[in-house]
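From first to last, the protein sequence lines are chains A and B. Start counting the first sequence at 1; every next residue gets the next number (the working numbering). Start counting the second sequence at 292; every next residue gets the next number (the working numbering).
It should be emphasised that the hints constitute simulated quantities derived from the structure, not laboratory data. Be careful, since some hints might not be right.
[What the hints assert, rightly or not] Straight line, CA to CA, 27 Å or less: simulated DSSO-like cross-link-like pairs of lysine-lysine:
#  : chain 1 : residue 1 : chain 2 : residue 2
1  : A       : Lys90     : B       : Lys474
2  : A       : Lys129    : B       : Lys520
3  : A       : Lys2      : A       : Lys148
4  : B       : Lys550    : A       : Lys206
5  : B       : Lys410    : A       : Lys206
6  : B       : Lys505    : A       : Lys86
7  : A       : Lys265    : B       : Lys527
8  : A       : Lys74     : B       : Lys505
9  : B       : Lys520    : B       : Lys541
10 : A       : Lys74     : A       : Lys2
11 : A       : Lys265    : B       : Lys520
12 : B       : Lys474    : B       : Lys528
13 : B       : Lys535    : A       : Lys206
14 : A       : Lys206    : B       : Lys574
15 : B       : Lys350    : A       : Lys74
16 : A       : Lys2      : A       : Lys243
17 : B       : Lys415    : B       : Lys449
18 : B       : Lys409    : A       : Lys148
19 : B       : Lys415    : B       : Lys350
20 : A       : Lys68     : B       : Lys365
21 : A       : Lys148    : A       : Lys159
22 : A       : Lys148    : B       : Lys410
23 : A       : Lys47     : B       : Lys449
24 : B       : Lys505    : B       : Lys541
25 : A       : Lys74     : B       : Lys527
26 : A       : Lys289    : A       : Lys243
27 : B       : Lys474    : A       : Lys214
28 : A       : Lys131    : A       : Lys159
29 : B       : Lys415    : A       : Lys214
30 : B       : Lys409    : A       : Lys214
31 : B       : Lys407    : A       : Lys214
32 : A       : Lys289    : A       : Lys214
33 : B       : Lys529    : A       : Lys74
34 : B       : Lys415    : B       : Lys345
35 : A       : Lys214    : A       : Lys131
36 : B       : Lys359    : B       : Lys410
37 : B       : Lys359    : B       : Lys409
38 : A       : Lys159    : A       : Lys74
Nothing here was measured: the structure is a model prediction, and the numbers come from that model.
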Amino acid sequence: MKEIVVISGKGGTGKTSVTAALAYLAQDDVIVADCDVDAADMHLLLKPENSIRADFFSGVLAQIASDKCIGCGKCAEICRWEAIAKTNEKYQVQALDCEGCGYCARICPTSAIEMEEQNVGQWMISEIKSKSKMVHARLGIGAENSGKLVAKVKNEAKKIAAQEQKPFVLVDGSPGVGCPVVSSLSGADLVILVTEPSVAGIHDLKRVYQLVEKFGIPAVCIINKYDINRQKTEELYAFLQQKELALLAEIPYDENFTQAMTLGKTILEHDPDGIGAIIRASWEKIINKEI
Amino acid sequence: MKIAIASGKGGTGKTTLSTNLASMMAEAQPVVLVDLDVEEPNSGLFLAGELVHKEDKYKMIPEWEKSKCVLCGKCQTVCNFNAVMQLAETIMVFPELCHGCYACSELCPSAALPMKPKKMGELKQFDLDNLDFIESKLIIGEEQAVPLIGQTIDYVDKNYPADTIKLYDSPPGTSCPVIEATKDADLVLMVTEPTPFGLHDLTLAVETMNTLGKPYGVIINRFGIGDAKVEAYCEKKKIPVVAKIPNDRKIAELYSQGKLLYNAISEVKEELQKVVEFIEIQKEQI
Chain A
1 MKEIVVISGK
11 GGTGKTSVTA
21 ALAYLAQDDV
31 IVADCDVDAA
41 DMHLLLKPEN
51 SIRADFFSGV
61 LAQIASDKCI
71 GCGKCAEICR
81 WEAIAKTNEK
91 YQVQALDCEG
101 CGYCARICPT
111 SAIEMEEQNV
121 GQWMISEIKS
131 KSKMVHARLG
141 IGAENSGKLV
151 AKVKNEAKKI
161 AAQEQKPFVL
171 VDGSPGVGCP
181 VVSSLSGADL
191 VILVTEPSVA
201 GIHDLKRVYQ
211 LVEKFGIPAV
221 CIINKYDINR
231 QKTEELYAFL
241 QQKELALLAE
251 IPYDENFTQA
261 MTLGKTILEH
271 DPDGIGAIIR
281 ASWEKIINKE
291 I
Chain B
292 MKIAIASGKG
302 GTGKTTLSTN
312 LASMMAEAQP
322 VVLVDLDVEE
332 PNSGLFLAGE
342 LVHKEDKYKM
352 IPEWEKSKCV
362 LCGKCQTVCN
372 FNAVMQLAET
382 IMVFPELCHG
392 CYACSELCPS
402 AALPMKPKKM
412 GELKQFDLDN
422 LDFIESKLII
432 GEEQAVPLIG
442 QTIDYVDKNY
452 PADTIKLYDS
462 PPGTSCPVIE
472 ATKDADLVLM
482 VTEPTPFGLH
492 DLTLAVETMN
502 TLGKPYGVII
512 NRFGIGDAKV
522 EAYCEKKKIP
532 VVAKIPNDRK
542 IAELYSQGKL
552 LYNAISEVKE
562 ELQKVVEFIE
572 IQKEQI
């Protein structure tokens with residue numbers, strides 16, 4: 001089983017649209033994982049149904065029992081996040097500031113502080129319209145530990161792929177270079193970098209590629225909107241050459257992408273001969289190991 | 292006044308709005324623009340200023356001093372993040388997992404885990420006439436953006452008076468980095484696009500801001516593509532749509548070159564003017 005992760009560094013480069021199109025092409029050869037749990041959008045194109053849902057618990061938050069609190073203030077003193085404040089002679093925890101380290105609970109002289117496990121979101125296994133399955137999640141608002149939820153989504157997808165003997169797991173990764181991306185990348189066999197020829201696109205690609213290099217994962221690149229700025233596209237070619245990265249595809253600036261999204265369709269369904277053909281050629285290169 | 296520019300979805304135009312709005316407002320008054328998207332900061336690519344200050348930013352990590360250690364294992368027990376582990380006669384610290392709570396260090400009976408600074412990123416300050424621009428960048432491999440965002444906000448709080456207009460270009464998403472970047476804001480401007488992805492992520496961003504209890508307005512970028520559902524949603528929820536920046540290939544081209552838009556495209560300037568007016572009204576209500 002081969003695990004393919006699609007990332008972009010910068011948001012809005014077309015990562016999710018490309019991933020959904022690849023998923024649609026691969027049909028039941030692939031289990032899909034939406035690891036962009038912060039702003040998961042792939043379900044809008046792949047239309048999951050008959051979902052099996054489960055709550056995801058991760059991390060803890062401090063809670064102070066006011067009947068046990070003697071107002072000594074030791075908890076507030078040691079809290080590095082200033083998450084504990086005094087109101088009416090008693091101390092209270094600001095849930096959004098609490099990091100869940102549990103230091104306060106360990107030093108409270110009257111054991112007034114309990115660390116409560118947090119329900120940080122829900123994860124789901126669903127059937128999708130390309131006759132396959134998708135694992136996805138919804139992170140609770142402002143929740144911590146999105147990296148752990150990403151790992152959960154990915155591991156569940158891998159488990160199903162192993163059970164059902166699927167050749168591929170396809171992962172829609174998260175933007176940025178922080179913990180959710182690190183979780184998305186860990187264990188991947190191939191990374192598809194979706195970028196655009198803009199100063200911001202190139203800047204973010206270079207940063208996220210440093211992370212890919214640290215993991216030592218082979219990578220290929222898709223340049224979206226390649227015709228928006230020829231000079232920047234040349235810069236991208238130079239970067240790919242320097243890093244010995246293969247160019248998987250070039251996609252023109254095309255509002256069909258947005259139209260497909262508006263209709264809740266993948267680009268394969270909406271524009272099978274235009275951009276759809278470009279994506280199909282890309283997928284064939286991947287399955288024929290030409291890349 | 293602190294104004295956070297946020298969005299659920301990435302790539303909707305946060306940075307475009309931040310840089311253009313900051314530059315335009317700076318023609319009339321001093322403005323500070325702060326890039327808090329420390330994982331992938333982009334605002335600086337659109338602003339050519341003079342570097343006036345640079346400092347390394349550190350997080351505190353425990354360092355094991357073998358000679359003092361009594362191998363009691365307390366450090367391992369008190370760490371909620373598995374960042375400290377005892378393996379036979381060695382204590383191992385995993386800096387990338389450490390949240391810097393000090394529990395292992397301060398609860399160690401033999402002071403064998405003093406906290407030492409570890410560089411996590413860099414803050415830079417640039418000067419462009421009336422506009423001060425501050426950006427922080429996370430070192431690749433550092434997983435936690437929140438401490439760097441927090442320290443960057445502290446730097447701005449220390450160096451600028453409270454009544455200065457401060458714009459914060461925030462990270463995408465709805466989890467901890469966004470909360471850190473927006474929790475002190477007086478006003479949040481949410482940038483979205485009129486597409487199903489834009490709408491879906493906007494609803495998440497709205498829930499987040501409702502949880503934080505922040506006043507906010509929505510700016511629709513790439514107006515004209517997609518459908519009318521974002522507007523319908525805002526109307527139903529009584530969320531002010533402050534401005535609509537048109538969808539225009541010329542904008543995408545200027546953006547790709549790292550250029551500002553408001554002096555090149557008059558519709559953009561008109562829409563930004565509406566944002567400025569909205570800010571003025573909100574300012575009086577603080």
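Going through the hints against the structure:
The hinted pair formed by A:Lys90 and B:Lys474 meets the criterion: a straight-line CA distance of about 24 Å does not exceed 27 Å. Straight-line distance between C-alpha atoms of A:Lys129 and B:Lys520 comes to about 24 Å, which keeps the hinted pair within the 27 Å bound. Pair hint A:Lys2 plus A:Lys148 holds up; C-alpha atoms about 21 Å apart against a cutoff of 27 Å. Distance hint between B:Lys550 and A:Lys206 is fulfilled; the C-alpha atoms sit about 20 Å from each other, no more than 27 Å.
With a C-alpha separation of about 21 Å, the suggested pair B:Lys410 and A:Lys206 falls inside the 27 Å cut-off, and the hint holds. Straight-line distance between C-alpha atoms of B:Lys505 and A:Lys86 comes to about 23 Å, which keeps the hinted pair within the 27 Å bound. Our distance criterion of 27 Å between C-alpha atoms is met by A:Lys265 and B:Lys527, whose separation comes to about 26 Å. Restraint check for A:Lys74 and B:Lys505: the C-alpha separation of about 31 Å exceeds 27 Å, so the hint is violated.
This hinted pair checks out: B:Lys520 and B:Lys541 have alpha carbons roughly 25 Å apart, not beyond 27 Å. With a CA separation close to 52 Å, the supplied pair A:Lys74 and A:Lys2 exceeds the 27 Å bound. For the suggested pair A:Lys265 and B:Lys520, the alpha carbons sit about 17 Å apart, so the restraint of at most 27 Å is met. Annotation: proposed proximity of B:Lys474 to B:Lys528 holds, straight-line Cα distance about 22 Å (limit 27 Å).
Only pairs whose Cα atoms come within 27 Å are accepted, and B:Lys535 paired with A:Lys206 is rejected, the gap being roughly 32 Å. With a C-alpha separation of about 39 Å, the suggested pair A:Lys206 and B:Lys574 falls outside the 27 Å cut-off, and the hint is violated. With a CA separation close to 23 Å, the supplied pair B:Lys350 and A:Lys74 stays within the 27 Å bound. The hinted pair formed by A:Lys2 and A:Lys243 meets the criterion: a straight-line CA distance of about 23 Å does not exceed 27 Å.
Under the criterion of a C-alpha separation no larger than 27 Å, the hint pairing B:Lys415 with B:Lys449 is consistent with the structure, at around 15 Å. Under the criterion of a C-alpha separation no larger than 27 Å, the hint pairing B:Lys409 with A:Lys148 is consistent with the structure, at around 24 Å. For the given pair, B:Lys415 sits about 17 Å from B:Lys350 by alpha-carbon distance, which is consistent with the 27 Å threshold. Of the pairs offered as hints, the one joining A:Lys68 and B:Lys365 holds, with about 26 Å between alpha carbons and a cut-off of 27 Å not exceeded.
At roughly 16 Å between alpha-carbon atoms, A:Lys148 and A:Lys159 fall within 27 Å of each other, so this suggested pair holds. Pair hint A:Lys148 plus B:Lys410 holds up; C-alpha atoms about 24 Å apart against a cutoff of 27 Å. Taken as a hint, the A:Lys47 and B:Lys449 pair is broken in the structure, with Cα atoms around 49 Å apart against an allowance of 27 Å. Our distance criterion of 27 Å between C-alpha atoms is broken by B:Lys505 and B:Lys541, whose separation comes to about 34 Å.
Annotation: proposed proximity of A:Lys74 to B:Lys527 is violated, straight-line Cα distance about 47 Å (limit 27 Å). For the proposed pair A:Lys289 and A:Lys243, the alpha carbon gap of about 19 Å is at most 27 Å, so the pair holds. Taken as a hint, the B:Lys474 and A:Lys214 pair is broken in the structure, with Cα atoms around 33 Å apart against an allowance of 27 Å. Proposed proximity of A:Lys131 and A:Lys159 is supported: the alpha carbons are some 18 Å apart, at most 27 Å.
A C-alpha spacing of about 25 Å is found between B:Lys415 and A:Lys214, which places the hinted pair at or below 27 Å, so the restraint holds. For a cut-off of 27 Å, the pair hint linking B:Lys409 to A:Lys214 stands: about 19 Å separates their Cα positions. This hinted pair checks out: B:Lys407 and A:Lys214 have alpha carbons roughly 25 Å apart, not beyond 27 Å. For a cut-off of 27 Å, the pair hint linking A:Lys289 to A:Lys214 stands: about 23 Å separates their Cα positions.
Distance check on the hinted pair: B:Lys529 and A:Lys74 sit about 44 Å apart at the alpha-carbon level, beyond 27 Å; violated. The straight-line distance between the Cα atoms of B:Lys415 and B:Lys345 is roughly 4 Å, inside the 27 Å bound, and the hint therefore holds. At most 27 Å may separate the alpha-carbon atoms for a hinted pair to count; A:Lys214 and A:Lys131 exceed this at roughly 35 Å. Pair hint B:Lys359 plus B:Lys410 holds up; C-alpha atoms about 25 Å apart against a cutoff of 27 Å.
Among the hinted pairs, B:Lys359 with B:Lys409 is consistent with the structure: their alpha-carbon atoms are about 21 Å apart, no more than 27 Å. The straight-line distance between the Cα atoms of A:Lys159 and A:Lys74 is roughly 45 Å, outside the 27 Å bound, and the hint therefore fails.
Hints 8, 10, 13, 14, 23, 24, 25, 27, 33, 35, 38 from the list above are not met by this structure, while the remaining hints are.
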